[in-house]
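These protein sequence lines map, in sequence, to chains H and W.
Read in order, the letters of the first sequence correspond to residues 2 to 319 in this note's numbering.
Read in order, the letters of the second sequence correspond to residues 13 to 370 in this note's numbering.
Keep in mind that a hint or two might mislead.
Among chain W residues calculated to face chain H with C-beta under 8 Å, some are [what the hints assert, rightly or not]: (1) Arg139; (2) Tyr144; (3) Ile341.
Hint data in this document are derived by calculation from the structure and do not stem from the laboratory.
Backbone N, C-alpha and C define an ideal beta-carbon position, used for all residues, glycine too.
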Amino acid sequence: MEILHGIFIDPFITMYELPDLLVQVLWEGFVAGTLYSLIALGFVLIFKASGVFNFAQGIIVVFGALSLVGLHSLGIPAFVALFLCIGIMFALAWLVEFTVLRRLVNQDPIILFMATIGLNYFLIGFGEGVFGGEPKTMITAELGLPTGAFDFDILGGLVSLQQIDITAAVTAGVMVGGLAVFFNKTRIGRGLRAVADDHQAAQSVGISLNHIWIVVWFAAGIVALATGVMWGARSDVSFALSIVALKALPVLILGGFTSISGAIVGGLIIGISEKMAEFYWGPLVGGSIESWFPYFLALLFLWFRPQGLFGEKIIERV
Amino acid sequence: MLYRETGQFKTTYLADMAIFPIRQDYFLMIGILLFAYVIAPLVMNDFWLNSIMIPTMIFALAAIGLNILTGYTGQLSLGHGGFMGVGAYACYKLTSYFPDVNIIIHIFLSGFFAAAVGFVFGLPSLRIKGFYLAVATLASQFFLEWAFGRIAWLYNYNDSGAIEVSSRTLFDIPIAGASAEPVTRYFVVLAIVTFLTWIALNLVRGRFGRCWMAVRDMDIAAELIGIKLLPTKLLAFSVSSYYAGVAGALMVFMWLGAAEVESFDINHSFLILFMVIIGGLGSILGSFLGAIFIWNLPVLLRAIPDMIGVNIGAATVEHMTFMVTGALIIFFLIVEPHGFARLWQITKEKLRLWPFPY
Numbered sequence: 002m003e004i005l006h007g008i009f010i011d012p013f014i015t016m017y018e019l020p021d022l023l024v025q026v027l028w029e030g031f032v033a034g035t036l037y038s039l040i041a042l043g044f045v046l047i048f049k050a051s052g053v054f055n056f057a058q059g060i061i062v063v064f065g066a067l068s069l070v071g072l073h074s075l076g077i078p079a080f081v082a083l084f085l086c087i088g089i090m091f092a093l094a095w096l097v098e099f100t101v102l103r104r105l106v107n108q109d110p111i112i113l114f115m116a117t118i119g120l121n122y123f124l125i126g127f128g129e130g131v132f133g134g135e136p137k138t139m140i141t142a143e144l145g146l147p148t149g150a151f152d153f154d155i156l157g158g159l160v161s162l163q164q165i166d167i168t169a170a171v172t173a174g175v176m177v178g179g180l181a182v183f184f185n186k187t188r189i190g191r192g193l194r195a196v197a198d199d200h201q202a203a204q205s206v207g208i209s210l211n212h213i214w215i216v217v218w219f220a221a222g223i224v225a226l227a228t229g230v231m232w233g234a235r236s237d238v239s240f241a242l243s244i245v246a247l248k249a250l251p252v253l254i255l256g257g258f259t260s261i262s263g264a265i266v267g268g269l270i271i272g273i274s275e276k277m278a279e280f281y282w283g284p285l286v287g288g289s290i291e292s293w294f295p296y297f298l299a300l301l302f303l304w305f306r307p308q309g310l311f312g313e314k315i316i317e318r319v
Numbered sequence: 013m014l015y016r017e018t019g020q021f022k023t024t025y026l027a028d029m030a031i032f033p034i035r036q037d038y039f040l041m042i043g044i045l046l047f048a049y050v051i052a053p054l055v056m057n058d059f060w061l062n063s064i065m066i067p068t069m070i071f072a073l074a075a076i077g078l079n080i081l082t083g084y085t086g087q088l089s090l091g092h093g094g095f096m097g098v099g100a101y102a103c104y105k106l107t108s109y110f111p112d113v114n115i116i117i118h119i120f121l122s123g124f125f126a127a128a129v130g131f132v133f134g135l136p137s138l139r140i141k142g143f144y145l146a147v148a149t150l151a152s153q154f155f156l157e158w159a160f161g162r163i164a165w166l167y168n169y170n171d172s173g174a175i176e177v178s179s180r181t182l183f184d185i186p187i188a189g190a191s192a193e194p195v196t197r198y199f200v201v202l203a204i205v206t207f208l209t210w211i212a213l214n215l216v217r218g219r220f221g222r223c224w225m226a227v228r229d230m231d232i233a234a235e236l237i238g239i240k241l242l243p244t245k246l247l248a249f250s251v252s253s254y255y256a257g258v259a260g261a262l263m264v265f266m267w268l269g270a271a272e273v274e275s276f277d278i279n280h281s282f283l284i285l286f287m288v289i290i291g292g293l294g295s296i297l298g299s300f301l302g303a304i305f306i307w308n309l310p311v312l313l314r315a316i317p318d319m320i321g322v323n324i325g326a327a328t329v330e331h332m333t334f335m336v337t338g339a340l341i342i343f344f345l346i347v348e349p350h351g352f353a354r355l356w357q358i359t360k361e362k363l364r365l366w367p368f369p370y
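Please take these sequences and the hints and turn them into a complete structure.
Pasting the structure below:
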């Protein structure tokens, strides 16, 4: 009885009595959610265009942030370093396409998936070898990112919004908007959508799969770089990020592998519900339920919609 | 010439259904068993047994388990590290509740706990397919990791949060714990692995295996010809987790001697998946080849700088190991996506004709 009380009644009483705390928790969840969304966005871009379940997206985020910090520590000005990093992302996209994807065309999805885990291992070793394994501080001030906090005196308490979090949310919004324009209004974007729809048909009307793949991996790389900067500014830049990045997977199955808006909505649902669960229900079972709660939530959604909230309907033929 | 079935006539159905229908396979098997049971313990020192033979055997067992699920039934799982943990913790709890019962029995029993957990986490497979299922199995991985770290009852409330193995004996010979000789532990592991491999070989070529493969090839078609999806998939999940659980129990009790949450983290799940993919999906032999390759590659890579006399730091070696492992995995996937098992098949075809061109 006491347990039931703890699950179904007490948390809501706390929410009602301390609304400022609730707002703060919701905001935390929203911010975590935007970051998950950004990682998931990278996954979706690649999955849509090449059908590759890119497990290495998390490590590409870390890699982008690390090369930015690493280049800056060599004495290169922050903005030049940023442009160099975009160059590195392009080189990475080209290399992946040239050495891996091109040679694994028409293989089973699971083989491509394993290849991206191989890429994951390679980038971990390469990144640690070049930049060192210890956590680094993101060059927030040099990039001109705001670092202060807005404090609001509302609902009978103090609600504090970090400016960097607001920047992250705005960046996410701008990125999604930019990608939407890119997909719908440009020639390359049209090619991307064609490839996503049907590889063979796209190729038969003269769209080069190899080019499209490079573009997609490059776009995912830029999204990863932005994510890395934002996330690095909130905490340190370290390889632990790549484990956190796995949280993007429940976001993906919640939103559907092929939907950009699904990635955003899924990310927000996961972020907010995970923080709420951790804060209000976590103490009942000993805390740290953040690590698995999103997966169970995603499973619950899948039980009713096996293709995710926004995924395309799965039609099977015998 | 070397690998010809010519002249080997089958006169009974029983002979036709034998597990090694060709005499060469039979002799090869005897050779491998002879090597594993007689030659290896005689010539290998403790280091070889402890850091190469025993872990390879254990991971091969786990890989067989995952191969039954992924290779034979087509359900991708990223949670087998967690299932190994269930076996290990179950075995630990069993030994602390029933210290008088023999450890071998505990190891076999602990697999059933893993099977039960696998059964529960296999339930979503009825609705979810492909990569969606893979992510769903990650739920089990992260939940189990959390449980091993947070539920103090599992590690008997000790302060370190780790499980430790006390000495166990069989016929008054210590086989687990600090006082056990590597050779004895090797024999125990080898015997269990041989037994379970024999079971697996017979499972996958029998009725169950055929049902699994039908589900793998196309589950809707399998349902139409009268295979019940629910029991088939759940049986695959249970059997697969049973193997993982036994492997986990062996890992802690026969090899590591102590374990904590990190011993069963997601990297181990990937390690096993690599073994299955590189070895060959849907092949028991492939599981062994994959385990031998994936487990010993880093061991070999770490030994290379010493061998050629280059002196580089331990950290650099570690990074190089990661890079080379990743690159080699991609390389093997590009060269032979069907794994070592396929390479062996090609070799057999070649040996049939050799030395004649056709």
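Hints versus structure:
1. Arg139: holds (5 Å)
2. Tyr144: This hint holds: Tyr144(W) lies near chain H, its Cβ roughly 5 Å from the closest one there, short of 8 Å.
3. Ile341: holds (4 Å)
Comparing the model with each earlier hint shows no violations; every hint is respected.
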